[in-house]
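Protein chains in written order, with the working numbering: chain C, 546 to 714; chain E, 568 to 880.
Any given hint could turn out to be false.
[To be verified] Label pairs and their computed distance ranges (CB to CB): (1) E:ALA602 / C:SER597: 12 to 22 Å; (2) C:GLY648 / E:ASN755: 46 to 56 Å; (3) C:ASP702 / E:VAL756: 36 to 46 Å; (4) C:PRO681 / E:GLY727: 20 to 30 Å; (5) C:LEU699 / E:ARG778: 45 to 55 Å; (6) C:GLU602 / E:ARG782: 18 to 28 Å; (7) C:ASP672 / E:ASP786: 55 to 65 Å; (8) E:ARG739 / C:ARG557: 27 to 37 Å; (9) E:CYS726 / C:ARG547: 39 to 49 Å.
Think of the hints as simulated: they come from the structure by calculation, not from any bench.
Virtual Cβ for every residue (Gly too), placed ideally from N, Cα, C.
Letter by letter, the chains look like this.
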Amino acid sequence: MRDAQSFDDFYRSTARRMVRYGYAVAGDHSEAQDLVQEAYTRAWRQWGRLSSHPAPEAWLRLVVARLATDRWRRLHRWRAVLSQTGPPAVAPPPSEDGVLLVGALRQLPAVHRQALALHYLFDMSVDEIARETDVPVGTVKSWLSRGRSRLAALLPDLCTVELEANDVS
Amino acid sequence: MSVELSDLYRSLSTVADGHELTRPESLRRFADRRARARIAGSTLAVALLVGGVAVGARLAYPADGAAPLPPPADTAGPVPTAATPRPSTPPAPSTPPASTPPSPPPSRTTPGTSSQPATGTAAPRSPTAIPDRAFFVLAAANRTGMESRGDGPALPVLCGTRLASDSAMVQRRGRYLAYKLAQTPTGNVPDGSYRHTITIYRAGRANDAVRELRRAVRDCPDQRLPDDGRTWRQRLLTSGTYGDESVLFEMRAPMPDGMGEPGTEEVRLVRAIRLGDVVTVLWEQGWEHTAAERSQVDADSRRAVAAIEDWLN
Numbered sequence: 546m547r548d549a550q551s552f553d554d555f556y557r558s559t560a561r562r563m564v565r566y567g568y569a570v571a572g573d574h575s576e577a578q579d580l581v582q583e584a585y586t587r588a589w590r591q592w593g594r595l596s597s598h599p600a601p602e603a604w605l606r607l608v609v610a611r612l613a614t615d616r617w618r619r620l621h622r623w624r625a626v627l628s629q630t631g632p633p634a635v636a637p638p639p640s641e642d643g644v645l646l647v648g649a650l651r652q653l654p655a656v657h658r659q660a661l662a663l664h665y666l667f668d669m670s671v672d673e674i675a676r677e678t679d680v681p682v683g684t685v686k687s688w689l690s691r692g693r694s695r696l697a698a699l700l701p702d703l704c705t706v707e708l709e710a711n712d713v714s
Numbered sequence: 568m569s570v571e572l573s574d575l576y577r578s579l580s581t582v583a584d585g586h587e588l589t590r591p592e593s594l595r596r597f598a599d600r601r602a603r604a605r606i607a608g609s610t611l612a613v614a615l616l617v618g619g620v621a622v623g624a625r626l627a628y629p630a631d632g633a634a635p636l637p638p639p640a641d642t643a644g645p646v647p648t649a650a651t652p653r654p655s656t657p658p659a660p661s662t663p664p665a666s667t668p669p670s671p672p673p674s675r676t677t678p679g680t681s682s683q684p685a686t687g688t689a690a691p692r693s694p695t696a697i698p699d700r701a702f703f704v705l706a707a708a709n710r711t712g713m714e715s716r717g718d719g720p721a722l723p724v725l726c727g728t729r730l731a732s733d734s735a736m737v738q739r740r741g742r743y744l745a746y747k748l749a750q751t752p753t754g755n756v757p758d759g760s761y762r763h764t765i766t767i768y769r770a771g772r773a774n775d776a777v778r779e780l781r782r783a784v785r786d787c788p789d790q791r792l793p794d795d796g797r798t799w800r801q802r803l804l805t806s807g808t809y810g811d812e813s814v815l816f817e818m819r820a821p822m823p824d825g826m827g828e829p830g831t832e833e834v835r836l837v838r839a840i841r842l843g844d845v846v847t848v849l850w851e852q853g854w855e856h857t858a859a860e861r862s863q864v865d866a867d868s869r870r871a872v873a874a875i876e877d878w879l880n
C-alpha cells in the first residue's frame, strides 16, 4: 500500500535539490524538470517498496542521472534532427555565472557532470560518490579531476587553486 | 576576476530555484493516470494481437499454405498488430527523396531460388549503392518524426567478436529512428528506437555475414558491456520467414533501479535479414530502458523487407 502523505512529504523536502541536480547533469532547465518529474513518477509507482529504502533520495538521484545519461547519448544521435528544428528559446538568465557553468558542463561527459554535481551540490566525498555510482574510488577521482580540468579550460576565470586543493580530498 | 567552482554551482542552484515545480498531488495523479493507460494499452494490444492473428491467418495466408505476400513499402503490413494499425493516410517518405536520383531497377541476372521465400521473389541481386528509398517508412501510428543519419555500429557488441564478412562490404548506410507504439499519444516520449542499417556485400558473401552473426550469438551466451555493470544474456530466437533468411536474437539484462516497469527485464531484439547480397539489420535499442516488443519489431521487419524488395526489384 502506498502512502500518499509520506510521498508528498518526501517530494516537498527533496524536489528542489533534485531539480538543481537535474539541471547540473542535464545542462538544460526544461530537460531537468522533465527528468526530475519522470524520476518522481517512477518513485511514486514503486513507493510501497521505495518508502522503506534506506536512501530514497540517492535512489532518485540515480534515476535522474540514468535518465540524463540516456537522453544525453540520444541527443548526440539526434543532433541532425535537433539542428533542423532548433533549440527552444532561452529564458533571460538571472545569474550569468550559473549559465556560464551550465554552458561549460554541456561539453563534459555525463559521468563527469554527475560526479561534479554530487560533490558540489551535495558535498559528497569521493568515497560516497563511488558508493552511489557503484564504481571504484579511482574512477571517481579521475572523473572529478578530468571534469575540473575541462571546466578550467572552458572557463578561463575559474580559480585553479581550489581545483588542486579539492583534487586531493 | 577569478571565481571558484563552488560559487558557480551556487549560482547554478539559484537559476534552478527560479522555476516552479509541479505539486506532488498533480504528479501522483499524472503517474497513476499513465500507469492505468499503460495497463489498458497492454490489454488492448494483447486482445487485438489475438484477434489480428486469427483474422490475419484467414486473410493473408493462402489456402495452399504458402507464405503471405509482403506489404508494399509505403503501406502497412498485411498482418498488423495493435502496435501497427493501417495508417489512414499514405505515409510520407522518412528521408528526403529529392537527395536521391531515381535508381533504375537492377537487372536480374538469374532466376529466383528454388524454394520460394516467404516475403516474395528472391532473385540474386548485385546492387552497388543504397538509395534512400531502400529504408522503410514507419506506419503512421508509430511515427515520432525523430530520425537521424548518425554513424554507429550495425550490431551490438557480442563478446568482442568481429565478423570476418565485414571485409566484404560494398556499401553500408544506417540511421537511427525513434518510434512510438500505436496506443501512445502523439507528443509523448517515444517507446523505443532502432538502429537500422542496410549493407551490400560482395556477391555471395552476405550468406557469410548471417552465418557468422548466428555463430557469434551462439558463442556469446552472456557478457558484460562497457559502462554497464549488468550481465547481458544473449540467445537466438526463431525468427520466422523474412527475406531469403534471417537471424533474430535477444539480449536481456535486469532493469537498472528505477528504470522500466518494476520487476521487468530490459530486452533488446536484433534481427538481421538477408535478401540476395543485401543484409538489413533492425536493432531495437529502446528508449530509457524500455523493453522491446516482439510484435512491433516483427511488423517493422516486414516493412524493412518490403522496402528493400521494392528497391531491388
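Do the hints match the structure? See the list:
no.	hint	verdict
1	E:ALA602 / C:SER597: 12 to 22 Å	holds (20 Å)
2	C:GLY648 / E:ASN755: 46 to 56 Å	violated (29 Å)
3	C:ASP702 / E:VAL756: 36 to 46 Å	holds (38 Å)
4	C:PRO681 / E:GLY727: 20 to 30 Å	holds (22 Å)
5	C:LEU699 / E:ARG778: 45 to 55 Å	holds (49 Å)
6	C:GLU602 / E:ARG782: 18 to 28 Å	violated (47 Å)
7	C:ASP672 / E:ASP786: 55 to 65 Å	violated (39 Å)
8	E:ARG739 / C:ARG557: 27 to 37 Å	violated (52 Å)
9	E:CYS726 / C:ARG547: 39 to 49 Å	holds (42 Å)
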